[in-house]
Amino acid sequence: MSEEAYLQIADLCKHYGEGEAYVEVLRGITTTLYRGEICVLLGPSGSGKSTFLNLVGGLEPADAGSIRVGETELTTLSDRELVEYRRRELGFVFQFYNLVGDLTVQENIEVCEYLSSNPLPMEPLLKSLGLWEHRKKFPHQISGGQQQRCAIGRALVKNPGLLLCDEPTGALDYNTSKEILALMEQVNREYGCTIVIVTHNDAIKHMAHRILRLRDGQLVEDSVNTNVQPAASLEW
Amino acid sequence: MANPLNKRFPRELRNNIGKYLGLFFMMLIAVAFTGGYLLAANSMETILNGMKETYQIEDGHFVCDFEADDEAIKAVEQQGVTVYPDFYRQVPLDLDASGDGASGIQARMYANRNTINLAAYAEGRAPQSESELALDRVFMDNHNLHVGDTVKLEGKDFEIVGVCTLPDYQSLFENNTDFVQNALTFTVGQVTPDGLKTLSSDSEAYAYSFVFNDQSLDLAQRTDIEEDMIEALTDNDSVVSDFIDADDNQAIGYAIDDITADRTIFTVILFVLIAIMAFVFTVLTGATIESESNVIGTLLASGWRKSELLRHYLTMPVFVGLASVLLGLVVGTTLLSDPLKNLYYNSYSIPPYELHWDASIVFFTTVLPFVLLMLITVTGLLRKLRFTPLQFLRRETASRKRRSNLPLPDGLRYLSRFRLRVLLRNASHFVTLFFGITFASLLLLFGICLLPVIQNYAIEMKKAVVAPHQYILKTPLELEGTTQERDMYAAALRLIEDHDRIEANQDAIDAAERLNENKELMDAFDRLNENEALMDALDRLQDNDEFMDALERLQDNEPLMNAFDRLQGNDELMDVLDRLEDQQNLTDAAKRLQNNQALVDAAERLQNQSVLTYWLEWAQLNPDYVQAATRVAAGSTDPNDLAYVAALSDEERAGLQMVANIDAQTQADIELVQNADEQTRADIELLENIDEQTKQDLEYLENLDQQTKDDIDLLQDVDDATQADIDLLSDLDEQTQADIDLLKDLDDTTQADIDLVRAVDDATQADIDLVRSMDESLLDDVRLAADIDEDAHVVNTKDNSTGAIDQAEKFAMTSVEIQRAMTDKFETVTVYGIQPNSRYWTEIPVEDGVVYAGRGTVEKTVAQIGEAAEAFNRREGESYTITVTEATNNEADVSLYMTLADFNRLFGNDADYFNAYASGQELELDKRYLGRTIVPEDMDKISAQMEDSMGSFSRMMLFMAIPIYLVLVYLLTKTVIDRSARSISYMKMFGYQNREVNGLYVRPITYWVLFSLLASLPLIVGAIVGLLKIAFLRFSGNFPLIIPPERLLLIVVVGMMTYGVVAFLHVRRIKKVPLELAMKVQE
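Residue numbers (the numbering used here), protein chains in the order written: chain X, 1 to 236; chain U, 1 to 1083.
Please note that the accuracy of each hint is not assured.
Quick look at which bits of chain U chain X covers, simulated, 3 or more residues with Cβ under 8 Å [unchecked claim]:
#1 290-296
#2 642-653
To give a feel for the contact side, a few chain U residues facing chain X, derived at Cβ under 7 Å [to be verified]:
#3 P4
#4 N6
#5 K7
#6 R8
#7 P10
#8 L13
#9 R14
#10 K52
#11 A301
No wet-lab data here; the hints were simulated from the structure. No experiment lies behind these values; they were computed from the predicted model shown. Each residue gets a CB set at the ideal place from its N, CA and C atoms; glycine is no exception.
With these hints in hand, go ahead and build the complete structure from the sequences.
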């Protein structure tokens, strides 16, 4: 973790629908994340967590405000530049692993290794993910936790500056969820990437350096966790 | 590094091998067939196009009803063409030993050609002897004939020595107006010129091929020249029964037209099939994209570009497409080209096959289909990939979700709603399936409807042949005529039929024809010919030129001849004259003395007193004694006188006394004689010394009557030449004399005839000599035929019963060309001139001014009811305006009907012109004037010929349609089952039996397939009508496009049976869906 501001968000607004269906999903969010931080974004369903993540990931445009990742201002980028931004800077982990069914574990990770000019070495990564023995298995041959590890590996292999995780443990059981969270912690530690974890599991905030909480599209909490706990010790 | 997604491909291929194999083989078959076909077509087109030069194919030909004379041909050639006589004889051919013509096969035989339309030999050689022949290859194949086999032409044995192709019969069209070629009961071939002569000349057709001197002419220029050619022939009294430019000649152009048209059909089928396959690819890949939506979203969110994903999803279609088109091209061009070429080689007489490659084959079968496949697939994929990463992640890409959420009527039962949802969820599959089924049904229907359309056409055409027998004539032929007329035409026919005889006597016949033009002379001949004896006499006399000249000269001297006649009638006199003639001196003397009758009388009288005459002569010789005696008698006593007297004998004294005592008359005679000149005296002396016979003769002459004497005088006064003539005539032998006698008794007319005959010039005489050298029967025929009135109709020489004659109905027909309604090409339309209230055309009540059109004419051409249409007669080079006023109901009938009178007025014929008979009974007609016979059963042949010609094409359509059904239905419905696997598993888990699950998933598919088969029927019927119209557009005739309902039912049955196989596979697949699938986490 460093003191370098990495993700700077200012007055970020987003709405969906028109007329009676008009919903303001994000209303003037402003915050700053520092490089190497693990940030947990909390909030109830419909609070705008995923939208926040999508905007930061460049998957949809903001109505207003600014999103700066490193030196890149996302709101001014074209679609093509956004693709390059994601390619270069981002790793995504979703609740559902979205692995390519007819590629092995290693091949699934290679899918994103292919995109990077400076990928992480495969073998150490697989070993650190605990997938070395399973690298030649297809997704349907491994467990959900292993699939999520694979998905994380796929996101990490590019050596991204920013790892966005949308409910990464949402489809996992308790133990597996903890393993995944521990893995993220490990990844953060080993690779120094900034991690934003969207979850509505309040317990996870304890492993984060920064805690953001959204409610009705507004940032109701933006705090620094001074008592970071190892993921393995989390309980819910 | 290599794209890691590429590792999916072999696994994808392995996991979905059925899908890819189906697509692969579908395209492979389509490309292989098209590639093979195009290579074969290109090769055949190259061969056919090269035939013009290699085999000297004509630019056109015309057929005259009778042989065109040199003048006519010369006039034609002056239009800028070279004409080659190419006569043929068409005779019955039998394959068995019977030789009875029962096979119904007609062989059109040519003498070995060596200048134009040269034969190509696939096997064997050209005939070299009179009993050898070469026959068309396709015909021989159809009848399993081989070199060395023997066939019968008109019952005569001929050995097949060659398998040939005549380049002007690449398709065996007997007549250019025939709907289809006929390689079953019609063939062409070659024999030697002598061999041709052994065939009946009845069947001889005077065909002439022509080649334009300038080969760079465009169509308009060629047409102009052809019109001039027809005019030149007509002007030279040639009746043109057929005139065809090579471009319009089906026998030459049909094969290449057929290949070109089929090439289009094959290419279109390929492209439609490729397009359908591309849609299938798109649908199937789209389904994959939908199923991988979240993965795609993740990849996009991770930085993958859409273009990279497009390439990824395009790779399999590219691979399968490229492999199938390339392999299809290889398979097609190596394995299928030869069998496909046989589609044509079995039908058309094309020279031996040679492979001719062309880059366009690769372009049309590989490049273009592949590009089409890619275009459609890329378009479909781009459409599928148009969503944002978020939409992919949220699975908001599937329109099926929207469709499956459509509200359904409340009244629907659960099962119906479920099935409807299945259909709605997979709407894109089912829509593609609908079009696939439509296309396959279209091919199927095209395949199974060709023959019914043709069969129906034959039935309708049969209806249009209203009379059991229709005889199309080369020239108006009257069934009734006088005996004399029939004799004349029979003679003309004998002359025509006995070609050898004519050829041998051609000069004489020409002479006779020239002589016949001199009517006066021939009449004279006629009369003279009746007097055989006279003619014989003339013959003999005419051989004696000298005599005839003499007779001629003498005949000019009438008095002389009369005298001669008279004298010659007096044999005795003539004998006298003959004898006297031998004593020329005597005759001359008599002649001279005749002028001095007194002297002669005196001499005669003195001759009677021979004693006195003696003593007078003695006294003249002894004047001294006479004077002395005279003086003594007067009284002288002179001694000398006395001495003289004394010296006389008593006899002398008495003699002197007699002289002294002669009377005055005698004295005068003596003086007269004495005073005569020496010649006269010599004459007298001569006469006095003639013998008794001569004396009698002279006496006889003396006693002649005056007329006779005058005659003799006349004859005696003739000049030397005349005398020589007379001498000649006098020396005649008995026969000659008898001849002369005969001639002398001639009456005036006969004499005038002889004079006329004898006045002929040398050329005429030569002609006469030639004619007289002809055998009598031939001359009779020539002369009989010469009396034929050329302006009158020919009279039939065959016997027909009165009943048959009475029921036969004259009509006229010709062909014109009228522009087709849909194209700028022309349709051949038959124009009939029929009798009002015809007993045969009972449903066409023509009357003057009313023109009926067959419904087919109205449907196919610009000749519409109430509108004036231009009709063009190429044979005449004339245009006509015809306004149709009514139409019949027969759609196959492309004809126009009007009264015979209107017909003749329209085409400028004589009022009594006709060229055909409609008859309920069979008529016996002179074959010479019979063009062809049409019976309703002829139309049945069309079906058989068509089946032979198009059957393979039809079968190929069926062959293509059924696999398309199978592959499309399988692929598209399999995906439905696959993507419903989890639901199926749920259903099973809920307790549904397999049978019930099938009812939920397979039954809607079944309904849809059935619906597609039924709903596509109107579409394919509409499409097939359009396609068949295009397909039949190149044929003469209008084809009622009747699609029998049972054929449509057959489409549905075949479609459902094919689907049955697929449904069976689906039932098995559903049975195999595991229950645990429902328990797996669904993302």
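(message) Under the constraints set out in the numbered hints, which ones does this structure not fulfil?
(response) 2, 4, 7, 8, 9, 10
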